[in-house]
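Protein chains: 2
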Amino acid sequence: MKYVYNFGNGKADGSAADKNLLGGKGANLAEMTNLNIPVPPGFTITTEVCTYYMEHAAYPSELSDQINQSLELLEKIMSQGFGKPSNPLLVSVRSGARTSMPGMMETVLNVGLTSETIPGMIAMTGNERFVYDAYRRLITMYSDVVMEKSAGIEPAEGKGIREQLDHIMDKMKEENGYASDTDLSASDLKTLSELFKEKIIKVLGNPFPDDAMEQLLGGITAVFGSWNGKRAISYRRIESIPDHWGTAVNVQTMVFGNMGDDSATGVAFTRNPATGEKEFYGEWLANAQGEDVVAGIRTPNPLNSSTKTDDSFVQVGLDEYMPENYQLLHDIQQRLENHYSDMQDIEFTIQKGKLWMLQTRVGKRTGNAAIRMAVEMVAEGMIDEKTAVLRVKPEQLDEVMHPMVDFKAEKIAKVLAKGLPAGPGGGVGQIVFSADDAESWYKQGKKVILVRNETSPEDVHGMHVAEAILTAKGGMTSHAALVARGWGKCCIVGCSALNISASEKKMTIDGVVLKEGDWLTMNGTSGKVYEGKLPLIKPDLEANTEFTALLKMADKFKSLKIRTNADSPEDASLARVFGAEGIGLCRTEHMFFEPDRIISMRKMILSNTLQERRAAVMKLLPFQREDFYGILKAMSPHAVTIRLLDPPLHEFLPQTEEQIEELAGELDVSPENIKKRIGYLHELNPMLGHRGCRLGVAYPEITEMQARAIFEATIQLIDEGVNPMPEVMVPLVGTVTELISQKKLIIATADAVMEEHGIRFDYLVGTMIELPRACITADEIALEAEFFSFGTNDLTQTTYGFSRDDIGNFLPKYLEDKILTHDPFQSIDQKGVGELVKMAVQKGRSQKQDLKIGICGEHGGDPKSIEFFNSAGLDYVSCSPFRVPIARLAAAHATLNS
Amino acid sequence: MKYVYNFGNGKADGSAADKNLLGGKGANLAEMTNLNIPVPPGFTITTEVCTYYMEHAAYPSELSDQINQSLELLEKIMSQGFGKPSNPLLVSVRSGARTSMPGMMETVLNVGLTSETIPGMIAMTGNERFVYDAYRRLITMYSDVVMEKSAGIEPAEGKGIREQLDHIMDKMKEENGYASDTDLSASDLKTLSELFKEKIIKVLGNPFPDDAMEQLLGGITAVFGSWNGKRAISYRRIESIPDHWGTAVNVQTMVFGNMGDDSATGVAFTRNPATGEKEFYGEWLANAQGEDVVAGIRTPNPLNSSTKTDDSFVQVGLDEYMPENYQLLHDIQQRLENHYSDMQDIEFTIQKGKLWMLQTRVGKRTGNAAIRMAVEMVAEGMIDEKTAVLRVKPEQLDEVMHPMVDFKAEKIAKVLAKGLPAGPGGGVGQIVFSADDAESWYKQGKKVILVRNETSPEDVHGMHVAEAILTAKGGMTSHAALVARGWGKCCIVGCSALNISASEKKMTIDGVVLKEGDWLTMNGTSGKVYEGKLPLIKPDLEANTEFTALLKMADKFKSLKIRTNADSPEDASLARVFGAEGIGLCRTEHMFFEPDRIISMRKMILSNTLQERRAAVMKLLPFQREDFYGILKAMSPHAVTIRLLDPPLHEFLPQTEEQIEELAGELDVSPENIKKRIGYLHELNPMLGHRGCRLGVAYPEITEMQARAIFEATIQLIDEGVNPMPEVMVPLVGTVTELISQKKLIIATADAVMEEHGIRFDYLVGTMIELPRACITADEIALEAEFFSFGTNDLTQTTYGFSRDDIGNFLPKYLEDKILTHDPFQSIDQKGVGELVKMAVQKGRSQKQDLKIGICGEHGGDPKSIEFFNSAGLDYVSCSPFRVPIARLAAAHATLNS
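Line by line, the protein sequences are chains A and B.
Take 1 as the starting number for the first sequence in my numbering and just add one per residue.
Take 1 as the starting number for the second sequence in my numbering and just add one per residue.
Since the hints were derived computationally from the structure, they do not count as laboratory data.
In this text, a Cβ means the ideal position worked out from N, Cα and C, and glycines have one as well.
Fair warning: there could be bad hints in the mix.
What the hints assert, rightly or not - Facing chain B, a subset of chain A residues (Cβ under 10 Å, in silico):
#1 ASN608
#2 LYS813
#3 ILE819
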């Protein structure tokens, strides 16, 4: 079994294809070596050793020999000796997993420095200070990483060995009045090494090893061990990286960028990772180690003149400082980008005038950059359209579409609280605590953030005018979250640190008191809340030609159609701009909340006779007709799926004493009467109560009125030469008889309207599949339905028995304990809810082969869910307007990945 | 195609086997004819004609000829002529469906009387008055049934033709000063006929037909038409009789029991239908028509001396009045019972000294009678045990087990209101409006009925002492219903006519005001509520040897085991008496409501730290241990399935301002603090909230405490030489990871307890399957579960998306509109919920072939559901103690019918 792979001198055992075995770093080092790019030689110990080590707590027996052989080869290539007094070889020991896990695992540098090799090193470099500086770095790192961490010692905070050694150095600097580390002389550093070693024995009970081989093996074990370190494990959880992958270990000849003014080090990107612009972009430092660039102790220089900014124009570029090496580096980066056909993130070191490449990997990039690069690389002929489409993650489009908090400002701001990121983008505004206040402040030209414990449909007017919404309660699919996401509005929910006193118009967060009018900044993409005003960066999508181009490419590959959830002509138009091919869910309930309508609605609910009720309902007809007219027109000739009234009637009734009094006055009934009715309509579990088609069964006049409004609007549009396509959707069907009862009313109404106007029109009658029973009996239901549309929010609620409004109390614990891998309201639960979806598709199509099937729940905008829906054979997904581009791209990914 | 079947003169075309074709009445008339029992000859027009007529609104073309042929045959047998002047033949036209639908369809008697046949009839009978009396009866019946009803005329109430004709007769009686109909002379009746016929032309526009054949065909059509009459349709809905069965029509020679003192008529049972005693039992009247016995205008005589009561001992028995005919009748009834091997309900008429049998059918009987007959008939060798077991309907056992309102008293009492029959039996008591009042009145030795809008766990103490419970809200599985049924207590829920003002301690029902202390009587089996006190009849089951014998027979045939749902040693013992083979569901939540426990529970909920919480929980340990000790002991060596805490924590918190103040004092915290916590725990949909195993995940210390209590009780019992068998059940599992998390805690606790005591014991850890997701992923869950127990209440709630507490608002409408055929909380929905059950059984056993599977939802006591669970392959059903006998019998039926 081969456990160790060599690279160096233009020849490597592995290649970029061996990522799983050698890790990303090791595979790319091998690949660069094969490409004849100057890489410090070394060898990679495979991930299999890591797996073996985790299982057996010991190494494979062959490993030791293979390491020795590789060391010998390395010594031969370098003409140096590891642990030898003359021409000593120093190596670095670094982790390298399949995917980059930046900073999550350990590294040990300068391995091989011992009392025996130090003199040889000084002779070789002619720089005693440099050698002792390297030595004290080795001691610090090794004692921390190998002797303390990998031994499982957990010192109190701030009492680790590293801190104790730092403290010794700080003391020395203080005593000598040194301002910076560079003031330390060779002899200072030598003294320091001795002090360090004494301290280590005292604190850890063991001496710092003075044997090169012992250092090397200790380093290797520490790196493997760090795979199971706390940080690494929790990072893997978040990124869904399997534990069994393991890490490889790279042992590589040390090269030094801090050997004098002819040395340097830097990191660079083959294109600008923030903007995507095709320019060689990076940072470097003369006479420095790689860590110095990253750590931010010294401000690095811009790599070249062309990327200097207003702030950095006085600094020297590498192109100016070392033109030849810059040219060499420039050629290499171009070769690497061409070779990998993707933007590379590289690290390099120049040691005494000689350029070495330490790493290349695919570079991380912002959403904007990803889009631009993908589109430009197609234009350059570097990649094909399929690759370009797959290069951009659907979620990255989100960044591009919403105003974002300036990440530079955010980096240095203090997080006040954190909640669930329910609506994307950034929001800045003044705090208000009620929807009415939001509206009146908005009318005064102010930007407001509406802060509530939770929101209800009565708050919608205030939510609409708010820059952002912040709630103390609720989950990712609470009312606030749903509404905000529908509008693409910044929203954070379930921010339990808020302690709101709406009556006093103030709130307390972790001791900080914020009053009405105070400024707040919210990052709805991360869930973070900041005090005060941070700058926002706004997108200009129409000017973003790459955005449009990428989505056009995506459309070529996707097979799912993308519809939108929209309740107004404005939303419908917006969604069309984003590429929506119809409305998959037009909710009608909010239409009843407007002040001139709610009174009729309430009258209806409080009616005692069918006649009264019918009269009240019919007052709503002109409003509804107008609503549907606008929406059908905006979406024509695409289909508009209109869901009949869904929420329980008590949601429309007033809640406060005051509102009840007011209503009583308006309706000329006693407040007691209204309260009695409210009591009667009160439900213990409204989610499972008298709602959905159950309303239409009990109050057929509501269905009739809504159907009439839809069909009269249809006729009106046909008269005007528009081509409307209404699809009437019956919600919450659990048994086919419910659908039959409602369908009968709808068809009768359609027939009547056609008769009255002498015009025929097309329409469909279908149903939402949002209850387990609907899935189980989908074959029966399909016989009566012209389309299915999955309501996966409610289906998830009923399949799991989770109230989405109430899971806030236990979901965090469930995720923490890994009882759930993710929030099933965000991404569909394929094993449970997904099985029901598949069952319904199969049963439905078994009766009606070409049954149109879509999904209009929140999952319609979630890329992972879209992939599932694609594989389940759905015809379309429907999502909020701002998710439409994301869904288009995700749908393309789904086809390409299937 | 043969549409008409003859019978008469000892020879019939059909037999008892032809029930579907000839209806029950027709088939039995044929059968009796074949047995050479004297039956007035006639013929039966088949149910197929009815079906044909309903489909085509016309008769098959062959029908007319076949009727004519049968009439000819009849004339020949009787030597009479239909519509002929001399020796005229009169016939009756009666309905007869597969199952008896008493009084739901029409009948026309005396058909064939016309101006032409009347003189011949007078000549034949020598009794003019009799003939004109028969004539006016024919005219009344015919004008009502044929001319008005079957013509679809719907007169205003009280304005029907029958009422108008009755009015004419009343007027004549008044003018002549007659007290009774019998005072009308022949000439009076003749005049009356003429007046009737004039009125008919005036009101209905058509003359009464004076043609025998026209009368006959009109009658036949009217009877067929009455199959689709309002009354018949709604009866079929209730009794689940399919519309397509149709009715047959029996045309039969008229015989008259009112032809003088040598004539008589009566109805009788071959055994006493109320008690089951083997005695010929019935009623008769001399010189009367059959209707007179039923109608109650004259008080009928007891059939024989042996069945005379204290009230009837002065009346004459038929055995005394007509000894020979009585002996004949007695022989016939014995032959019939032997022939049919079941108790018969017979009708007879004696015309001028000649006995005719008009009907025989299986007699309806009370639950008590059904049991006694079944057991005695086995002893007599008349039927085998299998037949005996199938003879008693499981529901009939209910009657036997509970005190019932005396049916004689109930018959004449006025129904005050009607609700859902949630708990069986009768209850009489004084009204109280709060649980506390119930308790204090009970302590004063009073019998109370607790009346509430709805009940909550805090009311349990009051419910326990109440004779019966009445609620205005809630469905068949509301809190009140569940608790009451568990105790076998009379309960009516969802009685929406109640208008309760608990603060004023009064309620209004339909204008009647009832105050605290007023008496009320409830029939929990029918859902009827009566004002005042009606007498109750109490059962004595231990003395009921037939009851015990029948259940022993049933046990021989059943394959399902029957467990009980019991939360206390008392209930467990009671259930054992009823034959329970273990506890399938021991709920633990009510155990926390007792005053000395609730405080610790509340302390736990209000704790801020894990430590405080653990301390509070552990205070409950001794109580719980005592609970489990008692229950495990009472059921030993049978298994006891204990469900871990299930309801959301907010159910344990106080609700009123006053209770909050009190608790604040007890816990030494501020009321605001408690209110805040209550607000935090408030859930919009508690059914889908933080409950079930979600509690155990969030608060593992609850699981640990409960597991410890169970296992310490187990050890204690083993020490005492008892053989306990605990099964720990984790509720509301939706994903296997939840079960794993709880199982780990339970096993660790068991191990710890075993270790501490040095004793090993057996126990199982399993889960409730009560969410769709659990059914879908049952294969995964089975790997971790040692048993499954279906919680079909919650499974029905989530599968349908129905909150059982809230369906009261729309369920009645759903049943009325036939959207649901039945309440799915009463009898399992086989198509939806049942499919999930089957899926879970199949998936579960696919991983664990011998997985023990039961059901502990309310459906466990429903016979239809039990049949389903038997076929689904379950091992046991569990139900409340009072349902155990019913379940035993139903389980036997399930096997025998499968």
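_Interface hint status, LYS813/A versus chain B (Cβ within 10 Å)_ = Holds - the Cβ of LYS813/A comes within 10 Å of chain B, reaching about 5 Å at its closest.
_Hint check: 10 Å Cβ-Cβ cutoff, ILE819/A to chain B_ = Nearest chain B Cβ about 4 Å off; hint holds.
*Using Cβ atoms only, decide whether ASN608/A comes closer than 10 Å to chain B, and label the hint accordingly.*
Violated, about 14 Å.
In terms of the numbered hints stated before, the structure departs from hint 1 and from no other.
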